[in-house]
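Student: In case you want the letters, here they are:
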Amino acid sequence: MDVINLSCNVDWNFIEEVAKESGQNPSLCYQCGNCTAGCPYTQYFDYPVSQVMRLLQSGQKDTILNSKSIWLCATCETCTTRCPCEIDVAHIMDTLRIIARRENRVSEKDIKLFYDTFLDSMKQFGRIYEVGILLAYNLKSGHFLADSDLGPKVMSHGKIHFFPKKIKGRDKVAKIFERFQDKVKKHD
Amino acid sequence: MTEREYAYYSGCSLEGTASEYDASMRAVLKELDVNFREPDDWSCCGSTPAHTVNHVFAAALAARNLALVEKIGLNTIITPCPSCMMAFKKAQHGMTKSESFKNEVNELLDEPYECGVESKSALQVMYEDIGLDAVSQRVTHALPGLKVAPYYGCILNRPPEVAQFDDPENPISMDKILLSAGVDVRDFAFKIECCGAAFGVVKREMVNQLTYKVLSMALDAGANCIAVACPLCQQNLDLRQGQVNSTMGSNFNIPILYFTQIIGLTYGLSPKALGMDKLIVSAEQIIRSRITVEELKKREETEAQVKAKKPEKKPVKEEAKPEENE
Chain A
94 MDVINLSCNV
104 DWNFIEEVAK
114 ESGQNPSLCY
124 QCGNCTAGCP
134 YTQYFDYPVS
144 QVMRLLQSGQ
154 KDTILNSKSI
164 WLCATCETCT
174 TRCPCEIDVA
184 HIMDTLRIIA
194 RRENRVSEKD
204 IKLFYDTFLD
214 SMKQFGRIYE
224 VGILLAYNLK
234 SGHFLADSDL
244 GPKVMSHGKI
254 HFFPKKIKGR
264 DKVAKIFERF
274 QDKVKKHD
Chain B
6 MTEREYAYYS
16 GCSLEGTASE
26 YDASMRAVLK
36 ELDVNFREPD
46 DWSCCGSTPA
56 HTVNHVFAAA
66 LAARNLALVE
76 KIGLNTIITP
86 CPSCMMAFKK
96 AQHGMTKSES
106 FKNEVNELLD
116 EPYECGVESK
126 SALQVMYEDI
136 GLDAVSQRVT
146 HALPGLKVAP
156 YYGCILNRPP
166 EVAQFDDPEN
176 PISMDKILLS
186 AGVDVRDFAF
196 KIECCGAAFG
206 VVKREMVNQL
216 TYKVLSMALD
226 AGANCIAVAC
236 PLCQQNLDLR
246 QGQVNSTMGS
256 NFNIPILYFT
266 QIIGLTYGLS
276 PKALGMDKLI
286 VSAEQIIRSR
296 ITVEELKKRE
306 ETEAQVKAKK
316 PEKKPVKEEA
326 KPEENE
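Protein sequence lines correspond, in order, to chains A and B.
Going by the working numbering, the first sequence opens with residue 94, and the numbers climb by one from there.
Going by the working numbering, the second sequence opens with residue 6, and the numbers climb by one from there.
Quick caveat, the hints were computed from the structure, so don't treat them as lab data.
Possibly wrong hints are sitting among the right ones.
[Stated by the list, open to error] Which bits of chain B does chain A cover? Going by a derived footprint, with three or more residues having C-beta under 8 Å, they are:
1. 43-50
2. 118-128
3. 206-214
[To be verified] Computed footprint of chain A on chain B, listed as stretches where at least three residues anywhere in the stretch have a Cβ under 8 Å from a Cβ of chain A:
4. 15-22
5. 80-89
6. 107-115
7. 235-248
8. 271-284
What you are looking at is a predicted structure, and each value in this text was computed from that prediction instead of being measured.
Idealized CB from N, CA, C, for every residue including glycine.
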């Protein structure tokens with residue numbers, strides 16, 4: 094782990110912001126390490142989840158929001174389930190990801206792109222169009238052949254629908270997106 | 006079981022890559038005399054991507070569907086997919102716990118959601134409402150030779166405060182349901198380890214490594230089949246099994262069946278109706294091994310008779326030897 098100078102870049106507001114938005118109290122964490130011990134992704138994280146909690150307690154906003162860990166967390170809920178202090182750790186990770194997104198600092202651009210492509214599909218059709226998402230993601234990410242080996246398998250087993258299922262109320266779903274975006278604009 | 010009627014929310018993936026889960030689920034629920042109706046014009050629950058944007062937004066996308074259920078006058082929804090179920094349970098939990106959260110969510114909706122719908126996974130409905138006795142009563146066929154590792158994945162039972170079902174560390178509902186259907190179930194240490202979830206496309210190597218562990222542990226437990234209750238787990242373990250073999254140098258060839266497909270087989274339903282042909286790793290051997298319960302009984306009786314006629318060589322009786330001098 095990098096050496097972090099705790100004295101010169103503490104952001105107390107950040108601790109407050111995360112606590113308020115997540116409804117959790119990060120100061121309850123006493124670094125037992127249960128979350129990290131159970132985390133299936135810890136080997137891929139740049140900071141294990143218990144270190145993210147410690148960084149949060151010491152207001153290390155930049156380090157946290159620029160970390161890969163917050164994007165590589167898949168919300169499997171192991172940390173939350175095993176926390177002896179009953180902190181909803183996964184919810185904190187989720188909140189950190191939301192703040193990183195809001196501040197436009199995304200360390201794992203492909204993951205965000207995949208999520209956005211998913212949501213675009215939902216906004217457009219009301220339901221998810223799997224083939225469309227994969228194709229759009231491959232084009233936008235530049236990984237043109239991602240999972241192309243699976244195509245023939247999926248097709249030969251008839252596991253695919255080639256056209257989107259458009260629901261009648263897709264304008265209603267799109268409206269949820271729009272109302273949310275309006276709300277965000279008002280707050281800015 | 007009581008004459009209840011449920012709303013049935015299949016979710017987007019059950020219309021596409023997990024269509025066999027939908028087919029087998031509907032077939033099994035029908036066999037179990039469960040009345041269910043689909044809410045009209047349901048939309049995607051938002052799944053993982055929505056809660057990386059905003060919690061109110063995510064809850065609204067889920068709550069639109071719960072409001073549709075209220076509209077058709079039902080109060081329990083069956084969701085086969087754990088990701089949809091968690092989206093619903095989290096929206097419900099957040100909205101009942103906090104009035105201001107509820108108001109914020111409803112501000113995004115055309116029609117407000119009054120919080121009157123309980124979401125249950127199909128597994129929870131079978132375990133709690135239908136009951137193990139009813140599950141076992143319909144069994145007409147056996148699957149001798151099949152050894153199943155029930156794989157729950159991560160969010161079916163967690164976090165416990167929201168899921169409110171089974172044990173978060175050692176769930177047993179699927180084990181018991183499969184046992185009731187007469188299936189040989191193996192205790193499986195990795196039953197709740199994450200398979201890599203939605204990162205398949207973006208972080209393929211990571212998912213391959215995680216699924217490799219799950220597959221290896223199932224084999225170590227003596228299983229020759231894994232039962233799942235999640236479309237994403239199924240996809241990662243089945244569709245990506247070839248990728249796992251090429252990246253990890255392994256040689257897995259283990260069928261990954263939805264638990265409803267296994268139950269459907271024991272109910273004598275046709276493999277086609279259960280979507281068995283949609284599985285990537287072939288389940289042909291499992292299908293061919295299927296016999297009726299009567300046939301199995303006959304087979305066991307004949308085996309017992311053969312054993313009785315040819316008694317095994319009696320082990321030489323060890324007579325109590327006088328203790329040797331030390």
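Student: With reference to the structure, classify each hint as holding or not holding.
Tutor: Cross-check of the supplied hints:
Three residues within the 8 Å Cβ limit are the bar, and the stretch 43-50 of chain B against chain A gives 4, so the coverage statement holds. Beta-carbon proximity to chain A at under 8 Å applies to 0 residues in the stretch 118-128 of chain B; the threshold of 3 is not reached and the given coverage is violated. Proximity of the stretch 206-214 of chain B to chain A, defined as three or more residues with a beta carbon under 8 Å from a beta carbon of that chain, is established by the 5 residues found. Look at the stretch 15-22 of chain B against chain A: 5 of its residues bring a Cβ nearer than 8 Å to a Cβ of that chain, three or more, so the hint holds.
Coverage of a stretch by a chain is defined here by at least three residues with a beta carbon nearer than 8 Å to that chain's beta carbons; for the stretch 80-89 of chain B and chain A the count is 0, and the condition is violated. Counting residues of the stretch 107-115 of chain B whose CB lies closer than 8 Å to any CB of chain A gives 4, so the stated coverage by that chain holds, three being the minimum. Chain A is given as covering the stretch 235-248 of chain B, and this holds because 4 residues of the stretch bring a CB closer than 8 Å to a CB of that chain, at least three being needed. As drawn, the stretch 271-284 of chain B meets chain A at 3 residues by the rule of a beta-carbon pair under 8 Å; at three or more, the given contact holds.
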